[in-house]
Amino acid sequence: MRALIAEDEFLGRKVLSAFLNTLFEVDVAVNGREAVAAFDLAHAEGKPYDLILMDIMMPEMDGLEALSIIRASEQEKKIRPQVKVLMTTALDDAKTVIRSFHDGEAAGYLVKPVRKEKLFAELQKLGFVTE
Amino acid sequence: MSDELTEEFFAEVSDKYYPQVLEGLEHLGAGDVAGGIEILSRPLHTIKGVTGFMPGFEPASTFTHSVESFLKKLQAGSLPHSADNISLAAHGVNSIFAVIEQIRVQGAPDQDEMDAVTGVLAAASGEGGAAAGPAGASCLAVEQEQDRALLRVTARRIHRKHQRDQIVGAIISQPQETPVVLDLTGVKTFGSSAWEDVSALAGHWSISVRGLTGAARETFHAGGMDELLAVLPPETAPGESS
Chain A
1 MRALIAEDEF
11 LGRKVLSAFL
21 NTLFEVDVAV
31 NGREAVAAFD
41 LAHAEGKPYD
51 LILMDIMMPE
61 MDGLEALSII
71 RASEQEKKIR
81 PQVKVLMTTA
91 LDDAKTVIRS
101 FHDGEAAGYL
111 VKPVRKEKLF
121 AELQKLGFVT
131 E
Chain B
1001 MSDELTEEFF
1011 AEVSDKYYPQ
1021 VLEGLEHLGA
1031 GDVAGGIEIL
1041 SRPLHTIKGV
1051 TGFMPGFEPA
1061 STFTHSVESF
1071 LKKLQAGSLP
1081 HSADNISLAA
1091 HGVNSIFAVI
1101 EQIRVQGAPD
1111 QDEMDAVTGV
1121 LAAASGEGGA
1131 AAGPAGASCL
1141 AVEQEQDRAL
1151 LRVTARRIHR
1161 KHQRDQIVGA
1171 IISQPQETPV
1181 VLDLTGVKTF
1191 GSSAWEDVSA
1201 LAGHWSISVR
1211 GLTGAARETF
1221 HAGGMDELLA
1231 VLPPETAPGE
1241 SS
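First to last, the protein sequences are chains A and B. So the first sequence is numbered by the numbering used here: it starts at 1 and just counts up by one. So the second sequence is numbered by the numbering used here: it starts at 1001 and just counts up by one.
Bear in mind the hints are in silico, worked out from the structure with no lab data behind them. Ideal placement from N, C-alpha and C gives every residue a C-beta, glycine not left out.
Below, simulated BS3-like cross-link-like pairs (lysine-lysine); rule was C-alpha separation at most 30 Å, straight line:
id: 1; chain 1: A; residue 1: K84; chain 2: A; residue 2: K116
id: 2; chain 1: A; residue 1: K116; chain 2: A; residue 2: K14
id: 3; chain 1: A; residue 1: K125; chain 2: A; residue 2: K112
id: 4; chain 1: A; residue 1: K14; chain 2: A; residue 2: K47
id: 5; chain 1: A; residue 1: K95; chain 2: A; residue 2: K118
id: 6; chain 1: A; residue 1: K112; chain 2: B; residue 2: K1016
id: 7; chain 1: B; residue 1: K1073; chain 2: A; residue 2: K77
id: 8; chain 1: A; residue 1: K118; chain 2: B; residue 2: K1072
id: 9; chain 1: B; residue 1: K1016; chain 2: A; residue 2: K125
id: 10; chain 1: B; residue 1: K1161; chain 2: B; residue 2: K1072
id: 11; chain 1: A; residue 1: K77; chain 2: B; residue 2: K1072
id: 12; chain 1: A; residue 1: K118; chain 2: A; residue 2: K47
id: 13; chain 1: B; residue 1: K1073; chain 2: B; residue 2: K1161
id: 14; chain 1: A; residue 1: K84; chain 2: A; residue 2: K14
id: 15; chain 1: B; residue 1: K1016; chain 2: A; residue 2: K78
id: 16; chain 1: A; residue 1: K125; chain 2: A; residue 2: K95
id: 17; chain 1: B; residue 1: K1073; chain 2: A; residue 2: K118
id: 18; chain 1: B; residue 1: K1073; chain 2: A; residue 2: K78
id: 19; chain 1: A; residue 1: K125; chain 2: B; residue 2: K1072
id: 20; chain 1: A; residue 1: K112; chain 2: A; residue 2: K95
id: 21; chain 1: B; residue 1: K1072; chain 2: A; residue 2: K47
id: 22; chain 1: A; residue 1: K14; chain 2: A; residue 2: K112
id: 23; chain 1: A; residue 1: K95; chain 2: A; residue 2: K77
id: 24; chain 1: A; residue 1: K125; chain 2: A; residue 2: K77
id: 25; chain 1: A; residue 1: K116; chain 2: A; residue 2: K47
id: 26; chain 1: A; residue 1: K47; chain 2: B; residue 2: K1073
id: 27; chain 1: A; residue 1: K95; chain 2: A; residue 2: K116
id: 28; chain 1: A; residue 1: K84; chain 2: B; residue 2: K1073
id: 29; chain 1: B; residue 1: K1016; chain 2: A; residue 2: K95
id: 30; chain 1: A; residue 1: K84; chain 2: B; residue 2: K1016
id: 31; chain 1: B; residue 1: K1073; chain 2: A; residue 2: K125
id: 32; chain 1: A; residue 1: K77; chain 2: B; residue 2: K1016
id: 33; chain 1: B; residue 1: K1073; chain 2: B; residue 2: K1016
id: 34; chain 1: A; residue 1: K95; chain 2: B; residue 2: K1072
id: 35; chain 1: A; residue 1: K84; chain 2: B; residue 2: K1072
id: 36; chain 1: A; residue 1: K84; chain 2: A; residue 2: K118
id: 37; chain 1: B; residue 1: K1072; chain 2: A; residue 2: K78
Chain B residues, not near chain A, derived (Cβ > 12 Å throughout):
id: 38; residue: D1112
id: 39; residue: A1123
id: 40; residue: D1147
Using the sequences and the hints given, assemble the complete structure.
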């Protein structure tokens, strides 16, 4: 399985990679623009991501905009199933939470700091881990 | 934050998700199952996700997930697009709004009602038939009264063919001049196929229904049964004035 971590902070990338690398082949992107490029490249390679951890506040392109482009691309190319996206962010205001689920069709929402237990509980809900 | 989220969420529910859901249910009701589920998927996914993030509303998230799973099976074609299944899907979707409202108003959902809906969805999905009772189990008791036959339905859910056969068998075993009362007190759901079976006998036997509640009443009226079957007031307990 492949996962992409979109996160602008070095330590955040390092911690999330450490959490995921026993389960996934992990790539990292440092902003939303790179995340979209990585998503496209993975599809071009025929090895799409199973999971994306998407930060929201990132330079150049934020996570919600990147997710919106990814969903539009999936829609246009009729890609099914959609990639499962967990938002990993310091933002927990109501509008951002709702927008993530409704507009971005996020599969889950984790408020930073992301704890391994919470992350794995989400992965369990999504069927990536069984216990 | 949770108060702000709750307030924002319910504003979105009434302004956006509920109208979307009504539109989706209209498509479902009109036979456009794929289109209906496509319309339903976005608001239901949002309700599942956001309630999972709202303290106290987590049961609504789990419940919505079970309804969503049922819809996905219908969408994938792994469940037939039968009238019963469409009716169950619509009932499940409507129940989501009841659950989130119960949590908002009472602080907790009606667990029995929620379990009943998930049970019947699971049974219809072939994930165990406990909710509808084992095949062959009796689902009704027949009481011969002086001037009528009283058929008390004892199962909480009537969807399976063997249950429908029992009810039909009990009706047709009555002399045609004997009025039949179908008592559904305590019955949570009564499938549209079961209503169709009963209504097919309505021209030959005088059949009345009493004790209609919840989803059983919804499918009764949705199927136009009120034009074929009389509805009697609920049974009055001895000594109780009506």
